[in-house]
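4 protein chains.
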Amino acid sequence: MGRTEIYREFGINLDLALEAHEAIRGQRGGEIPGVKLQEETFDTAQVKTVTVLDQRGASIIGKPPGKYITLESNVLRINNKAYHKQLSETLAQKLKEILPFHSENNSVLIVGLGNWNATPDALGPKVVEKTMATRHLYGKVPEELTNGLRPVSTIAPGVLGITGIETAEIIRGIVEKTNPNLIIAIDALAAGDVSRIGATIQLANTGINPGSGVGNKRSGINQETMGIPVIAIGVPTVVHASIIAHDIIESFVEQMKARPPLTELTKELHPPMLKMIIDQVLQPYSNSLMVTPKEVDDLIENTSKVIAMALAEALHPAMPEEVANYLH
Amino acid sequence: MGRTEIYREFGINLDLALEAHEAIRGQRGGEIPGVKLQEETFDTAQVKTVTVLDQRGASIIGKPPGKYITLESNVLRINNKAYHKQLSETLAQKLKEILPFHSENNSVLIVGLGNWNATPDALGPKVVEKTMATRHLYGKVPEELTNGLRPVSTIAPGVLGITGIETAEIIRGIVEKTNPNLIIAIDALAAGDVSRIGATIQLANTGINPGSGVGNKRSGINQETMGIPVIAIGVPTVVHASIIAHDIIESFVEQMKARPPLTELTKELHPPMLKMIIDQVLQPYSNSLMVTPKEVDDLIENTSKVIAMALAEALHPAMPEEVANYLH
Amino acid sequence: MGRTEIYREFGINLDLALEAHEAIRGQRGGEIPGVKLQEETFDTAQVKTVTVLDQRGASIIGKPPGKYITLESNVLRINNKAYHKQLSETLAQKLKEILPFHSENNSVLIVGLGNWNATPDALGPKVVEKTMATRHLYGKVPEELTNGLRPVSTIAPGVLGITGIETAEIIRGIVEKTNPNLIIAIDALAAGDVSRIGATIQLANTGINPGSGVGNKRSGINQETMGIPVIAIGVPTVVHASIIAHDIIESFVEQMKARPPLTELTKELHPPMLKMIIDQVLQPYSNSLMVTPKEVDDLIENTSKVIAMALAEALHPAMPEEVANYLH
Amino acid sequence: MGRTEIYREFGINLDLALEAHEAIRGQRGGEIPGVKLQEETFDTAQVKTVTVLDQRGASIIGKPPGKYITLESNVLRINNKAYHKQLSETLAQKLKEILPFHSENNSVLIVGLGNWNATPDALGPKVVEKTMATRHLYGKVPEELTNGLRPVSTIAPGVLGITGIETAEIIRGIVEKTNPNLIIAIDALAAGDVSRIGATIQLANTGINPGSGVGNKRSGINQETMGIPVIAIGVPTVVHASIIAHDIIESFVEQMKARPPLTELTKELHPPMLKMIIDQVLQPYSNSLMVTPKEVDDLIENTSKVIAMALAEALHPAMPEEVANYLH
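Chains as they are written, first to last, in this note's numbering: chain A, 1 to 328; chain B, 1 to 328; chain C, 1 to 328; chain D, 1 to 328.
Extracted from the complex, chain A is given alone in its bound form:
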């Protein structure tokens, strides 16, 4: 009745590398070869970096080689601007560490993934709404205004169900026409635990890879498909109801584990049996049911502000104060 098995049974991939790491380490009971974990403490965040070093690590953890930096913080759930600013500075610092820039003129396309019309999925479009594009200003405004600014363009392309087009196709088309040096894609994620919602931001220098959480089998947005580096900023806003269902049974059995007869019984609790039990409760929706806190609109608002501030801070290398004011 391990977590990784139940995820497989339900066709769910853990979006957060840190969760995948924890699940697998729990199962193996020790270090994972080819994977490294580092921790740092900041004022308003605990930062845990999972580095997938090689293909061996990648095949165990189910994520391509690269850095997955997770900020854990409890300030997104409260409306405190000073704390949000601190968190955005930590995010900016970690973002800078993985920026692959070679020059101050390197340009960035910021992509807000997700659906405007569904609150928990609107994070990406909301970050884009709060981000100032600068790419079109070059040559049109006095040079001292763009001096110290990096060319930034933004797009919130919508989702497949609305456009009829794979999001990756839209992005690839825009990349080929505008030749940015980097994509930063912002997306709402599905977590494996409700305590992650409104408490976690993941930065990854590997882009967005197929098989991600909410079940949209969109093709990847990554170096391989785009031809340029892709940094993904992901924030868990929902948990699959089927994961919660599984955890409830596990919690129940844990509670009862002192009783020998139950221990006996749970041997029969193999994944297909579990799936049958859970599907009975979740039908007719099953895999499309999502769990989210009622306050998700506030969480999305706060988180999109923190990310937009961090992007402005990290991307523009030498902002004159006047421009900084313009941006914030």
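The set of hints was computed from the structure by calculation and includes no laboratory data. Glycine is no exception: its CB is placed at the ideal position from the N, C-alpha and C atoms. Some hints could be false.
Covered stretches of chain C, going by a simulated chain B footprint (3 or more residues, C-beta under 8 Å) [to be verified]:
no., segment
1, 125-136
2, 154-164
3, 175-185
Mind docking chains B, C and D on chain A? Use the hints.
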């Protein structure tokens, strides 16, 4: 481990009278005194009317005496305009049956409860957005345009967390200033079963009463507090995660019930123990966690159209064709 | 061909007292009895206060006795957060000067007038969206969180064409139920000159009075109708096309005034003739045509931020830092 | 003081070919070589087709060779669904006449141009919001559901000021990735006369060409730049304030024309002098000032519905009834 006990443990009230009826009847194993259930079949809906006849019935079922008409239909989940029109006509017919009008000039205030910014809670405001107010036209447009129209006003007052004011206070203030003869309040509800989501519309001539599902302890919007009749139109769009958690355990035990040792164990599964098991999984959110299908934005869009069409049809007694076109 | 006459001919009232003052002083060629004008200079604003001292002044200037404080600033047209903060501080200071509070517990209802769906009219609702309600927190959160906070409630009631109810009726109903000590009403105004758009904020301690600019003959929102003081914050976002049309002809004649024959002709340019000339161009819309800059969405966004910041600063008398962060 | 000269002076291009045709014919006093005008009468619309036959016509009228079909109708200003349906059927019929399809499988990309956040410019995005994408359904839903449907994809790419990318670049990128057979681009236009607002829909088989009305010097979206045919659907929602200003002076002079001295004076009214007079009134905004009726939000809502209905009707060649219901 009965449902009604677990609801009590979690402080959850079943918004749908039909669900309360089913839960209690299941528990009692027979008819409920003071409560009557009737069923009718329509093209796109099964209509079940729970009539709470007296105080005895009210105290058992936890709903004030009155009519609770539930339309069960599976057409809200699909984008078929012809089916939606059929369903809106059934809804209009049942609405007309409980309209307390004594004259063609009786006026109506339509209240869209809920929060614009949270998709599953936006049903009420979306119905208001699709409803034409006519109250202000009297005396301002040619009489043949308002002839056959009932005076209708609309308000989407927002929620306590945004306004700082109990919604009932806002409505009561407007009622006293504008003297409508009837309030129709539209609200998103919490159901006890995911299969109810996007499949159920409840009409009640008892208004909205405290202790309703999602946990906002707002005071009632009903004849007693408003001084005029209140019809409530409610649509389940979410289920409490704690209800799902409970049902999972019940489904698990059901599956195992042939095994005597488990039967023994489940005797200990009293509500406080269950709550502890469930809280362990749902913390730190617990009661505020909601389960909703990913497609909830489409469900809300379809349902708000059906309700707005039914309101236009039911409220305007003798619409000239020209006006009908204006309204639809 | 004086401005005041043409406004009368078109049924237009100047929303800005400062404009009415200028128009009348221009016409009379000197001081206006019963009306006082003071000027102050701030970092990012020129502040001009028109005080209508008595009924004589009121009947000349067409505004009830009271203070009309106009901030003229050119920083709303640019995206510079530092300048916006300075302007919001000046606005907060002038707002504090006219707050009629007698106690730290005095409560405020903030009313966002106007129509969400029409960009230039959405200023009021946008300020409300950015303002935190605190009234419902008393007794529900730890006292140290509300300590130093004033009870604030907010409402964006919509417009007559959407609700079917006079906005003043809605507000009066809410006031009677919730008993605030003060209303602050935010509204988009019509100006008499395009250079006022995105450059002016008017504060008035006389509320909102009938006959206002855009032609909605809504009844007043003022001490007389509400029973409590009403402060109005108004920002010009449009100019009537008919005013522009008039000014064009005046500009034309001014240009030609050295020519005696034209001077002769313009004697015939009495208001009805002017109205006929102008209506020919503006039909079929005439009075409902509004002139607004294409960038009006940015102006509304910037201005609503400045006002929301000033409200938070001015209303909460002794905010602990933690709460200040919560608010900003 | 001809219209075409004043447009040139202000750098304004007439978006509507019919207006350009009228302006030039007025100036020349007769037929325009290389340009043909046809008229038809429908129930709720007068349809006028300007065909630019050759380069000679194109250079006179300032529009590339092709068909410009203008529907004039007064039903968009009223909320009458039956009339809107009639108008949408006429629009669908004229659209079908210029569709360049060679096969039932030819696919269409519908592009909603313009800015969501500015009401008069939101027409394109609103049509997209009301249009169902079908392209992604092929191979994923039962064939009888897509049978008779044409593959349709949609995009509302935003505007240069928000994305930092020329809209034409975004579209071209998407076209190259998804290979549609046709683009239909919907856009809000600037008219030369306020009576056109809410009364006109223009269909053109020449796409969108640089130098269009509102002043965004975006590069063209047409066969030349996209490599596939482009049909443009344009609806005037604003008029430049400078055009209104010019017309006011013309109306004034017309009124006075019996007076010889004025006739003398107006000889001096050459375009630069006019521009100076007008700029004096319109500063500091000048060319960015737009005139629009207060009810523009209702006009946009009605018009976007009519266009979305016409697109569904015209594009899907043999819709089974079930699918038709799905679409409408």
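Against the structure, the hints:
Judged by the Cβ-Cβ criterion of 8 Å, the segment 125-136 of chain C is covered by chain B as claimed, because 4 of its residues qualify and three suffice. Check on the segment 154-164 of chain C: 10 of its residues sit with their Cβ under 8 Å from a Cβ of chain B, so the three-residue criterion for coverage holds. Look at the segment 175-185 of chain C against chain B: 4 of its residues bring a Cβ nearer than 8 Å to a Cβ of that chain, three or more, so the hint holds.
Hint check: no violations occur; every hint is consistent with the structure.
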